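Dock chain to chain to rebuild the complex, using the hints, since each chain is given by itself in its own frame.
From first to last, the protein sequence lines stand for chains A and B.
Counting from 13, one number per residue, gives the positions in the first sequence under this note's numbering.
Counting from 125, one number per residue, gives the positions in the second sequence under this note's numbering.
To be clear, the hints were calculated from the coordinates, so they are not data collected in a lab.
These numbers come from a predicted model, not from an experiment.
All clues stand as given, with none of them false.
Keeping only pairs whose Cα atoms sit at most 25 Å apart, straight-line, the calculated DSS-like set for lysine-lysine is:
id : chain 1 : residue 1 : chain 2 : residue 2
1  : B       : Lys350    : B       : Lys335
2  : B       : Lys166    : B       : Lys155
3  : A       : Lys398    : B       : Lys341
4  : B       : Lys166    : A       : Lys301
5  : A       : Lys398    : B       : Lys362
6  : B       : Lys350    : B       : Lys362
7  : B       : Lys350    : A       : Lys398
8  : B       : Lys155    : A       : Lys301
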Amino acid sequence: MSDIVRRDVRIEWIRRNRLHPQHNELASAPGPTRGPTGLLRRLPHNVGFIGPNGIRRIDRGAGAQGGAGGLGARALSHSAQTAPLLLHHVEQPDFYVAVVVDIAAGRLSSHDRDVLGQAHRLVRIHADDGQGAVVAIVLGDVREAAFDTAGVDRLIHLTEVNRQPLTGYCPELKLAVLQAVDSELAPRYWLFPDSIHGGADLGARLAARLGERPAVQAWQVDAGQTLCRGGSQHTDWQRPTSRVMLLAEECALAVGETRHEARPIELAAIPQVSPQIQDRGPVEVDPGKIALSQAEFILAAGNGIQDWDQFHQVATALGATEGASRVAVDDGNMPRSRQVGATGTWVTARVYIAAGISGAIQHLQGIRQCDKVVAINLDGGCDMIKRADLSVIGDSRAILAELLALACARRGRSGPGTAPIEGSQEDRHVA
Amino acid sequence: MPDVKVNPNPRVATLVSVGRHPESGRARRAKQDARAVELGLKMAGTACRLVHVGDTTEPALRHYLGMGLPQLSALQAGPDADAVPALARHLNEHPADIVLTGIRAESGEASGMVPYLLAERLGWPLVSRIADIQTVENGVADVLQALPGGQRRLLRVSLPFVATVDDAASEARQYAFGPGRRGELAISVADTTVDEDRQGWQEMPAKPRPKRLNVVKAKSAADRFKAATAKPQGQGGKVIRDGTDREKAEAIMTLLVAEGVVR
Numbered sequence: 013m014s015d016i017v018r019r020d021v022r023i024e025w026i027r028r029n030r031l032h033p034q035h036n037e038l039a040s041a042p043g044p045t046r047g048p049t050g051l052l053r054r055l056p057h058n059v060g061f062i063g064p065n066g067i068r069r070i071d072r073g074a075g076a077q078g079g080a081g082g083l084g085a086r087a088l089s090h091s092a093q094t095a096p097l098l099l100h101h102v103e104q105p106d107f108y109v110a111v112v113v114d115i116a117a118g119r120l121s122s123h124d125r126d127v128l129g130q131a132h133r134l135v136r137i138h139a140d141d142g143q144g145a146v147v148a149i150v151l152g153d154v155r156e157a158a159f160d161t162a163g164v165d166r167l168i169h170l171t172e173v174n175r176q177p178l179t180g181y182c183p184e185l186k187l188a189v190l191q192a193v194d195s196e197l198a199p200r201y202w203l204f205p206d207s208i209h210g211g212a213d214l215g216a217r218l219a220a221r222l223g224e225r226p227a228v229q230a231w232q233v234d235a236g237q238t239l240c241r242g243g244s245q246h247t248d249w250q251r252p253t254s255r256v257m258l259l260a261e262e263c264a265l266a267v268g269e270t271r272h273e274a275r276p277i278e279l280a281a282i283p284q285v286s287p288q289i290q291d292r293g294p295v296e297v298d299p300g301k302i303a304l305s306q307a308e309f310i311l312a313a314g315n316g317i318q319d320w321d322q323f324h325q326v327a328t329a330l331g332a333t334e335g336a337s338r339v340a341v342d343d344g345n346m347p348r349s350r351q352v353g354a355t356g357t358w359v360t361a362r363v364y365i366a367a368g369i370s371g372a373i374q375h376l377q378g379i380r381q382c383d384k385v386v387a388i389n390l391d392g393g394c395d396m397i398k399r400a401d402l403s404v405i406g407d408s409r410a411i412l413a414e415l416l417a418l419a420c421a422r423r424g425r426s427g428p429g430t431a432p433i434e435g436s437q438e439d440r441h442v443a
Numbered sequence: 125m126p127d128v129k130v131n132p133n134p135r136v137a138t139l140v141s142v143g144r145h146p147e148s149g150r151a152r153r154a155k156q157d158a159r160a161v162e163l164g165l166k167m168a169g170t171a172c173r174l175v176h177v178g179d180t181t182e183p184a185l186r187h188y189l190g191m192g193l194p195q196l197s198a199l200q201a202g203p204d205a206d207a208v209p210a211l212a213r214h215l216n217e218h219p220a221d222i223v224l225t226g227i228r229a230e231s232g233e234a235s236g237m238v239p240y241l242l243a244e245r246l247g248w249p250l251v252s253r254i255a256d257i258q259t260v261e262n263g264v265a266d267v268l269q270a271l272p273g274g275q276r277r278l279l280r281v282s283l284p285f286v287a288t289v290d291d292a293a294s295e296a297r298q299y300a301f302g303p304g305r306r307g308e309l310a311i312s313v314a315d316t317t318v319d320e321d322r323q324g325w326q327e328m329p330a331k332p333r334p335k336r337l338n339v340v341k342a343k344s345a346a347d348r349f350k351a352a353t354a355k356p357q358g359q360g361g362k363v364i365r366d367g368t369d370r371e372k373a374e375a376i377m378t379l380l381v382a383e384g385v386v387r
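Isolated chain B (complex conformation) (with noise of 0.2 Å):
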């Protein structure tokens, strides 16, 4: 690992939910909620806030808190309200750097909307899918994004900011029953408005979804067969069997440049 320089300064709040066992359906810690604690431990330290709307009664809260963490601000609501409003003035009020969140919730809706609308009614930037935030520097931050198949973006985003946190940041650190018993969870009930939007939605159990079959347009019987049969081909790929090694070397170094794997 690279020696990070942790600014102590930056104000970290992260927002946590409940998340769902994929196979059980217990209530537990989310894991990108968790993964975000973990960052906001490493950027703040214990200063880390946490926040929470909507069933405050939910013991899978003191999961976050036995990540070592003495406060939790958990804002009571009703399940068909609309937490983006009490978010924003839960943030005007208890002003913060960094604001960390998962990407999806793992139950209900899951639109993943709470960071770009919370982003929207702050006006602050938002990251997408951080893996990690290197330095904080002067009002800017240098932040690591995370892009399919491993690779990493460096990005420098003026403060204050909303990111979500990918499943490439690190793992969050297991936590403790004794302090989740001890954190503080401070409730206070929120001023939420019902979801209109939502009510009259349907809500069931995921039915699987067809597999999509590969339709053959031939027009002829023998088309069809030398479909089912055929091996996978290219279209015609291009042979170099004349030439010196170098030549052939270099058509292939081409080829990396064009598709920009090489830079």
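Chain A extracted, bound-state conformation (with noise of 0.2 Å):
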């Protein structure tokens, strides 16, 4: 395309006439207007729009309503084309920094997240002994996780070792792992989330058969000291920095300016072990007894529910715990120590089924740190939608009843594991 702009003067005599029949759809859709010298021109005057009270409002946000050319059209463009985040690139390592995740429930943690991090910290602290690369080391099965983005640069990943599974509870088969791992790369730093999802468990296990002292709750670590937090948290230990260590939670601040290759990494044999431990699978609980802040799977009510007795069945039938907004609470409907949201209990569960709900602020706060959302609601516009990652709008009532049959119809066919209905019943206090 030539870079002469060439002007339209009839179109733009037809804009200036407000009495040409064509007038009203030319002037509506302006464009970018040229002055003479083919400057782009902008008119102050057409930015924003007249509000219903005859103010003019500039929305920058949105950019829906702003005037050809205005600052909102143009910083929504801007946002919209993010540039691709800058490739970390590793030919041949000179050494590495291994990360051992968690990847509790397939996904990997803000914990997780922090710990590589650090990692890279490491490796740009050691920058002089050559270039670093953080292998992460990932045992078991994975759901979601970016491990480009998450500052990967080699990954390790095994859901099986020697045709035994790598699922459930196998820290010997994870440590024969990570001990081929320690022979073949011989990594300078072995970094643990020091976490109640395995991360502690695995580190100390590998402290203990490499003879390292780790240094445990580290939260602050560089080349030479490291800060570590003591017995009920009120002393710090300082420190040098060991090989393998367990930290904390928000000790570095997570990869998020650079993209990595997260390239595979094969190993070349895995030592035969007997475990001695052996995973019975998980034993059911009654989802009544568990705290709301610790349930992993919550089914709550709003406003929307009528038919409380099938609330309930619902609820036992899929297993979750029940929690509650607060206007069923008020109502009389569940009791108070089950209310989700500021003024309730913060919950952090991993499913998160909204049924009649609609989302007050103060409910979306409580519910900030759960990883999927499911509302079911009337309302098709109410902020819980928007939250959610799957939403259904549908009337409550008949969703919940094929819900539960669905429920039924899996279990009666999972096996002869009946619902524990009886015994909640009266803790099911009504205010």
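Structure representation (structure tokens):
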């Protein structure tokens, strides 16, 4: 295309002439205006729109009503085309920093990301010794994990070792893998998240096996010194940085500015081990006895629920812990201890089903840390729908009835495990 | 409670330490260790042995005896001694099938490494964070492990083993002063070595950790304004408007199964 800007003098004339029959259709979509020299002209009076009270409003965020060439439109186009992150490339690493991520529920947690960020800090600190690579060791199934943006240069991902699956509790198999990694790559540091999802356990096992003294609950790590939190959180220990470290939460900022290769590495051989601990699978626990703040799976009810017996049946059939919005509690349908939200409990569930909850801001604050939110609501425009990962628009009573039928069908198929309906009945206090 | 078959045979040893009250800082029985003692009492009754390495003059040790146990083996060692060799030697001389401990100490470095080092030294399996031991039969134990979120997992482990006891285990019974006074504190001097690694370390009162601020990486003022005022929103979830109720319920069920919360 040539650079010469051609003006359509006739259209400009029509735009100026309010009496022209075509004026309205051309003036409404003005497009960029060019001056006589081809310069882009901006008419400041066209920015924004006139609000209902006659005052000009400039909506810089939405940019929808911004005038031609207005700031809103420009800002929108800027943020829409986010530049791709810079690729951090490591061809021949001189040393490795190994990170064993938890992958609790198949996802990288924020703790995992912080530990990966700390690994990159250590790589940068030791930049004099050459280029280091962060190798993430992922043991078990992965559901969704953006390893490249989390800062993984090399990836060791195993779902089975010597035809033994790495699911459930298998610390002995995992330890064998880590030992193989240690002998093959000889990482300069071993970093673990000091978490209850298995990171602390595995890190302590590896440290005991390698004969290293680990830094536990480390929260400030640099090349020479490490600060560790002591017992009952009331002392700090300053000590030399060790090779195996169990890092506390928020130990470093996660990687955010770069993209990484996440290039897979194959391990040569992993020695055979015969585990002495055998995982017999999860045990059913009464979901009503789990504290709301700890529960993994919550079915919460709000103003849209009329049939409370049905709601309790669905919760029992699904094995979900019951929650409630403030309205349901105030109306006396659920006990106060089951209230979710800013004035109730802040929950950390992996899956949260909101049935008949429109999503007041206090309630949305309470479920901020939930992974997956499912909304069942009649109102397709409520705030809960905007927050939810899966929204179903419809009558909650009919949908819960279908869900109950499906859950009962599943239960009948999966075995004789009957729902412990009795016992929790008296717990259901009505205010 | 389901009826639990308690085998009187397993020899249980519980490793106890001196705890620290979170508010007053006074010495007390450590919470997790007390739960371990409670589990030991359930498994072996008063035959459960208590072992402590460290300061034997500490009066808080009698709190464990006050839970109804006749004797506590206290191995005298200095404050900078390494407890693991002494414990391993003690367990070799007085064999046990199950060794119970808390997860972390309530004072000092509190690395939680003692059970791991002990298990490594003895060559025993270690089960972390248990809530209960259900049965012990034919040299194997069925152990209930506590998981985050109130979940439980059943593990089968061969004897002998080391286990750390989680806060989810049953609450420790109250201790009584009289039995605590009457119980025997069997003091012996442990042959320990000084923990050389820790000599250069500095202990200081805990600094408050800086709270992480929510850093907004917005380029323009409009983006920053939006980040400060916008309501929390998901990343564009799936919305199902049409279809029968059955299809909608099936969509929810598919998600629940994919997330693994419904089996």
